[in-house]
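Listed below are the residues making up each chain.
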Amino acid sequence: AQSVAQPEDQVNVAEGNPLTVKCTYSVSGNPYLFWYVQYPNRGLQFLLKYITGDNLVKGSYGFEAEFNKSQTSFHLKKPSALVSDSALYFCAVRAAGSGGYQKVTFGTGTKLQVIP
Amino acid sequence: GAVVSQHPSRVICKSGTSVKIECRSLDFQATTMFWYRQFPKQSLMLMATSNEGSKATYEQGVEKDKFLINHASLTLSTLTVTSAHPEDSSFYICGGRGYEKLFFGSGTQLSVL
Chain A
1 AQSVAQPEDQ VNVAEGNPLT VKCTYSVSGN PYLFWYVQYP NRGLQFLLKY
51 ITGDNLVKGS YGFEAEFNKS QTSFHLKKPS ALVSDSALYF CAVRAAGSGG
101 YQKVTFGTGT KLQVIP
Chain B
117 GAVVSQHPSR VICKSGTSVK IECRSLDFQA TTMFWYRQFP KQSLMLMATS
167 NEGSKATYEQ GVEKDKFLIN HASLTLSTLT VTSAHPEDSS FYICGGRGYE
217 KLFFGSGTQL SVL
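Residue numbers (our numbering), protein chains in the order written: chain A, 1 to 116; chain B, 117 to 229.
So here's chain A without its partners, still in its complex pose (with noise of 0.2 angstroms):
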């Protein structure tokens, strides 16, 4: 069974710092990786997504991840925090394949939290 681990239920950064949310996913045969923002009161939000090609993916407002297989993991980063960023991600993965079933499955989430 696929499954994703989010190990930190929040992470707090200062303003202008660079942030790292961590994510490990566990999957049979190639992943397909992303990351979602869900802001207060608000559905969930793409922010990128890790398909095949470079390990480093770049995604919307200022976002970025790498992919690293061998320790699979998938964390999301940004060089300069900003306190807009303040929000819930999700850490998401499906085997790679496009078959209709492919479920996704959701990491529990990391309140992100950027302190001005």
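These are computed hints drawn from the structure, not numbers from a lab. Treat each hint with caution, since some may be false.
[To be verified] BS3-like, lysine-lysine: derived pairs with alpha carbons at most 30 angstroms apart:
no.: 1; chain 1: A; residue 1: 103; chain 2: B; residue 2: 136
no.: 2; chain 1: B; residue 1: 171; chain 2: A; residue 2: 103
no.: 3; chain 1: A; residue 1: 49; chain 2: B; residue 2: 171
no.: 4; chain 1: A; residue 1: 49; chain 2: A; residue 2: 22
no.: 5; chain 1: A; residue 1: 103; chain 2: B; residue 2: 182
no.: 6; chain 1: A; residue 1: 49; chain 2: A; residue 2: 77
no.: 7; chain 1: B; residue 1: 180; chain 2: A; residue 2: 103
[As the list claims (entries may be wrong)] Partner residues are not named here, just some residues of chain B that face chain A (Cβ under 7 angstroms, in silico):
no.: 8; residue: 159
no.: 9; residue: 160
no.: 10; residue: 165
no.: 11; residue: 220
[What the hints assert, rightly or not] Pairwise CB distance ranges (calculated):
no.: 12; chain 1: A; residue 1: 52; chain 2: B; residue 2: 201; range: 38 to 46 angstroms
no.: 13; chain 1: A; residue 1: 69; chain 2: B; residue 2: 173; range: 22 to 30 angstroms
no.: 14; chain 1: B; residue 1: 128; chain 2: A; residue 2: 79; range: 42 to 50 angstroms
no.: 15; chain 1: B; residue 1: 205; chain 2: A; residue 2: 17; range: 35 to 43 angstroms
no.: 16; chain 1: B; residue 1: 170; chain 2: A; residue 2: 71; range: 32 to 40 angstroms
For each residue, glycine too, the CB sits at the ideal point set by N, CA and C.
Go by the hints and put chain B onto chain A.
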């Protein structure tokens, strides 16, 4: 851009009644729709996967007779919570697959009194 419209955004109902939640994919065809339930600890739990024109695939522990999913067209999927009870109170989110990623609805907060 691709959008999933989910409504209602909030519903309060009495115990024993049924509630229907709709998700429509706008500007794209969602051949696969995922229904999630978000618990107070903020985790997202997959309830079921539905493909247009076929029966939904439910995750272990999810009662298919209680959570009825219909995916009658490429742009519409519905989740009906039948005979709702207070323990069904939660935040329900749908996600439609398109362009190798999921587009989510804005969620439905269900409160069962």
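Range agreement (Cβ of residue 17 of chain A with Cβ of residue 205 of chain B, hint 35 to 43 angstroms): 38 angstroms, holds
Taking the CB of residue 128 of chain B and the CB of residue 79 of chain A, does the distance hold inside 42 to 50 angstroms? 44 angstroms, holds
Regarding residue 69 of chain A and residue 173 of chain B, is the given constraint of 22 to 30 angstroms on their beta-carbon distance met? 28 angstroms, holds
Take a quick look at whether residue 103 of chain A and residue 182 of chain B sit within 30 angstroms of each other, Cα to Cα. 21 angstroms, holds
Please verify that hint: residue 159 of chain B, Cβ, nearest Cβ of chain A, below 7 angstroms or not. 4 angstroms, holds
Sort out whether residue 77 of chain A lies within 30 angstroms of residue 49 of chain A, counting only the CA atoms. 13 angstroms, holds
For the pair supplied as a hint, residue 49 of chain A and residue 22 of chain A, is the alpha-carbon distance within the 30 angstroms limit? Status holds; Cα separation ~15 angstroms.
Quickly compare the C-alpha distance for residue 103 of chain A and residue 136 of chain B to 30 angstroms and report which way the hint goes. 23 angstroms, holds
Does residue 165 of chain B meet its interface restraint, that is, does its C-beta lie within less than 7 angstroms of any C-beta in chain A? At about 5 angstroms, which falls below the 7 angstroms cut-off, the nearest Cβ of chain A leaves the hint on residue 165 of chain B intact, so it holds.
Take the shortest C-beta to C-beta distance between residue 220 of chain B and chain A; is it under 7 angstroms? 4 angstroms, holds
Does residue 160 of chain B meet its interface restraint, that is, does its C-beta lie within less than 7 angstroms of any C-beta in chain A? 4 angstroms, holds
Taking the CB of residue 170 of chain B and the CB of residue 71 of chain A, does the distance hold inside 32 to 40 angstroms? 37 angstroms, holds
Of the hints listed earlier, there is not a single one the structure fails to meet.
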